[in-house]
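Participant: So you can see what is in the structure, the chains are spelled out below.
There are 2 protein chains.
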Amino acid sequence: MPIAAVAKESEVDVLIIGAGPAGVMCANALAMAGVNVRIIDQRPAKVAAGQADGIQPRTIEVLQSYGLAERLLREGNQMHMAAFYNPSPSGGIERTSRAPDVTAPSARYPFEVTLHQGAIEAIFLDSMSAHGVIVERPIVPTYIELSQSEEELKDPNAHPVILKHLDPSEREGDSEIVKAKFVVGADGAHSWVRKSLGISMDGEQTDYIWGVVDMVPDTDFPDIRCKCAVHSNNGSCMIIPREGDLVRLYIQLSDRDVVDPATGRVDKSKMGPEKLLAVAQKSFKPFEISTSGQIDWWTLYIIGQRVASKFSVRERVFIAGDACHTHSPKAGQGMNASMNDTHNLAWKLTHVLRGWSDLSLLQTYEFERRKYAQDLIDFDKKFSKLFSGKPRTQDNQDGVSHEEFLGAFQTFGLFTSGIGVHYEPSAITHNQHQSCASTLIVGERMVPHVFVRAADARPYDIQDLLPSDTRFKILVFVGDVANTTQAERVLRLAEEMGGQESFYRKFGHGNPSKVFDILSIASAKKQDVNYTDLPPLFRQHWSKVLLDDTDMYSRVGGGGYARYGIDQQHGAIVVVRPDGYVGIVAPFDHLKDVNTYFDSFMAQS
Amino acid sequence: MPIAAVAKESEVDVLIIGAGPAGVMCANALAMAGVNVRIIDQRPAKVAAGQADGIQPRTIEVLQSYGLAERLLREGNQMHMAAFYNPSPSGGIERTSRAPDVTAPSARYPFEVTLHQGAIEAIFLDSMSAHGVIVERPIVPTYIELSQSEEELKDPNAHPVILKHLDPSEREGDSEIVKAKFVVGADGAHSWVRKSLGISMDGEQTDYIWGVVDMVPDTDFPDIRCKCAVHSNNGSCMIIPREGDLVRLYIQLSDRDVVDPATGRVDKSKMGPEKLLAVAQKSFKPFEISTSGQIDWWTLYIIGQRVASKFSVRERVFIAGDACHTHSPKAGQGMNASMNDTHNLAWKLTHVLRGWSDLSLLQTYEFERRKYAQDLIDFDKKFSKLFSGKPRTQDNQDGVSHEEFLGAFQTFGLFTSGIGVHYEPSAITHNQHQSCASTLIVGERMVPHVFVRAADARPYDIQDLLPSDTRFKILVFVGDVANTTQAERVLRLAEEMGGQESFYRKFGHGNPSKVFDILSIASAKKQDVNYTDLPPLFRQHWSKVLLDDTDMYSRVGGGGYARYGIDQQHGAIVVVRPDGYVGIVAPFDHLKDVNTYFDSFMAQS
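As you go down the protein sequences, you meet chains A and B in turn. Take the first sequence: its letters are residues 1 to 605, numbered as in full-length UniProt numbering. Take the second sequence: its letters are residues 1 to 605, numbered as in full-length UniProt numbering.
Treat the hints with care, as some may be off.
If chains are identical, the list can't say which one is meant, so a pair holds when it fits in one copy or spans any two.
What the hints assert, rightly or not - List of simulated lysine to any residue pairs, SDA-like, C-alpha gap at most 20 Å:
no., residue 1, residue 2
1, K371, E315
2, K268, T299
3, K381, H509
4, K164, V447
Worth flagging that the hints you see were computed from the coordinates, not collected in a lab.
All chains should be modelled from the sequences, with the hints used to inform the complete structure.
Facilitator: Written out as structure tokens, the structure is:
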């Protein structure tokens, strides 16, 4: 490739290819962190309708950590209730039961939000733009090359990725060479980045063919505003209510509906939105469903269940989102898995770029997210099979029973909600002291709970004090500071943590409160404690001291130590990663293990 | 006055004079309702710092009803806890107790929000601007005249108010004559409108002189982020924590600090922010308080306690806010009373302008708000006296005891929070059937409570379904619709309410859902009820049916019928006014009294 012929050349720290959910999550996180980042997309405009639309409970927590959940909750629909319909003895379908849509007891937002992908992406685009980053489009990448120099690859300040791209509206000569420290390929299921780097997708395509229609329905179906799994003897449907009065239907199709017998391939021209709706109408009987409006969006798909063999090349080029995993949309995981991929990656890139962490930190991205993607495919296989299977009836005793389906729906709830995502031990998750905070599982997200601020008794969910601001949060559960022995232990801990040998100074790069945010949480009551009672390191601002107590009106709060499995007398140290996952928990007398934790991936200035 | 010499002339439905809290609340409410409104202010720019800053619990509910509370809560500080300091036996002060800042158990937001007046006004200005209304400034009104023609005054379509004003940046010849249907004088304590119309202020000035400073303090005082009443033997102070790290101090002054002995008047030049702080420092001992930053704002004031003798002239010109009541700022009532004045007035003007109600409806503004203002002054007299009094000590047995002060603080809580505001019976508050919803007091604001939507089990605070959208809300508590006798009663009620004789048709102006919003609330459980079970009038959209049940996770909701004192079997009808106050409650078999209610002030098309 004659790249020397091209005039324009530039350098950037991170180049993101693709402005879908994974790309915009990444770009926004990096923009908020002040990283030198660009994002390009080959589509001329953002998505207007259709596509993915479900935001899971954990993803809402993640959006909230970037200050973006408020708008999502204002614009989106909430699914709280699920309903299950099965063949009725008198023909047609009937409701078998209703159940909570989310079965993850610790979810802060115990529901799913549905909103079309364009509106969700707009939340990120507006936030990025407030931080000075906009998507450059339409820009088509045409060439990528990774340096072969080991020296360059090991130098965090080098720009070992060369990428050529072009603006299709310009002449070829106006294309650009970008030298990047890091490239993130968030360019979808047909990822150009993945193919260019020769990364294979492992897995296979299923036989399940589904259609999707978005519309405002006219119906007498009483659960049209719930998530519904409809299993009839005339096919299966899934209902996903959306923003406003919109409803999405997933409709199971048979080969004869859509497959061209000559080629054996899906022929979209054999199907249309009216035909799709006609298929759905058969499974809804005796209920009527139609629309007096337009079909907002429709598509067909065959479920593929694949995971990329690698998520990164030399920790310089990464792939994320649909580029590294494809699966069925019906469990509403796609957009969530994608966003959480780059939520996991962005802080790691930032730390490396700032010189706070070694390049090796970036290995944990593939380690954590590929394992998750594999779990997701395993789940999807089981769920798709159950969902696409025929219902068990008098005449079909081999079919899927309602109990079996509901059981799976609820068992999988912790996984599908995103709440149960668990990262295995690595450089950034050390679980040797798990017992001192027995229910704050290392490798899982910090459990939300309401505490009150000592200075003003204002209640806060602790998650709101753990924003995605790239800092590690050091939560010092100081125990019962009214007890003088404990008060002395707290003083000693503050001295030790503030000392030269401690991670706080060692990796503080001269201004430790930029790298670490210390919060202290006492088990004592608001009537008795002054925030001024704590040592200065543990109250660097009046807002940094919390109490495990109710608010003034006993409406919220209290019981946090018990919920977290932390001893109310002696407390514990809890380190929360910048992405909100617990990194290590330790008793006061094992601060050295917290030092070791940071030693294992952080860099000194 | 030679008005004939002026060239520019215009007509407007409502002209608001003054863009303080009362003015912008009024302008925004009218703008949202699509009323032809203008608002002028003589100040060249909006307030940047200082001034009033406390938003009471009821006012937060009101802002929420206009969709404005989210931003207020994001930007403002919250006061949850109050602390009381009194003379210590060892000299100086000590904390006597902490208590909830708000003592109004039904408050939806059980705290006060503090934020500087400019930021609060900006919330309204941005909302108004989104509805196409901006403040015209600087514009100085110079002449006002009300028509003497009874015919004109009684014609709702006439423009009987003539007002001349001018843009001081233009030549006199460029001033304008505005003919208005209605004028609202929200032009402050020295109201030009009030004076021009010769309305007197009844009441007197007190002897209490106070200073105010806003600053970011350096202090070891442990309750600096709480509302504090500090009574020392060296004077009294009140602490109001503000947004960010700002704190406001109210400091009691003695005559010798500020009064010019020659004239007997307050001489602001004798005092300055440093001197004020020095007075405060004496009462804080043994705690230290100072600032390393700037004094953000300061002022001095003498409490005047006065109410205007009239709030309106012929229901064509109204005065609102500080123009009709002045009192001490320390109970944080000023801005709240002002905003609630025009919140009360705006929907009434709208209804009259739309031809939905008779002009007589406007009489209820003075009736309701003047009574409230008088109650406010009565409260203020008691509270100021207690606050400004010397504390009771060994040496001063006549002083105010802590118990006396705390008791008053809590007794007055219902009033100061705004939650207890009670409008007496009038054309728009009929209380003859109070017993059928015994705790939804007619003339008080609708009590917040969480219900779940039948269609999707999403929980909603009922207040969020009662927005300030100018419609009367008809809440049909349909009782236990699973019971067939009750289901029949509900059907009959729907027939009767939908009939030609009913208020719904009679005053519906051809499109009753524009005037009335019907919500139905069943006492049955979410597992059992379909929203489709109700008669169409009571479920005009799937979102209009609620259940008195918990959400799917039993975190919120349930017990609403009991809380409202409504029979779970038989239900009741509750009419909520457009401003969120209960207008009438009635049993199903007294729909005729609901008809009579609307007959007493509404107009047929």
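Participant: Confirm or reject each hint.
Facilitator: Each hint tested on the structure:
1. For a Cα distance limit of 20 Å, the shortest separation of K371 from E315 inside one copy, 17 Å, qualifies, whereas the shortest one across copies, 72 Å, does not.
2. In this homomeric assembly, K268 and T299 come within 20 Å of each other (Cα to Cα) only inside a single copy, at 8 Å, whereas the closest approach across copies is 74 Å.
3. Taking the shortest alpha-carbon separations for K381 and H509, neither the intra-copy value of 47 Å nor the inter-copy value of 58 Å comes in at or below 20 Å.
4. In this assembly of identical chains, the alpha carbons of K164 and V447 never lie at most 20 Å apart, being 44 Å within a copy and 63 Å across copies at closest.
Comparing the model with each numbered hint stated earlier shows that hints 3, 4 do not hold.
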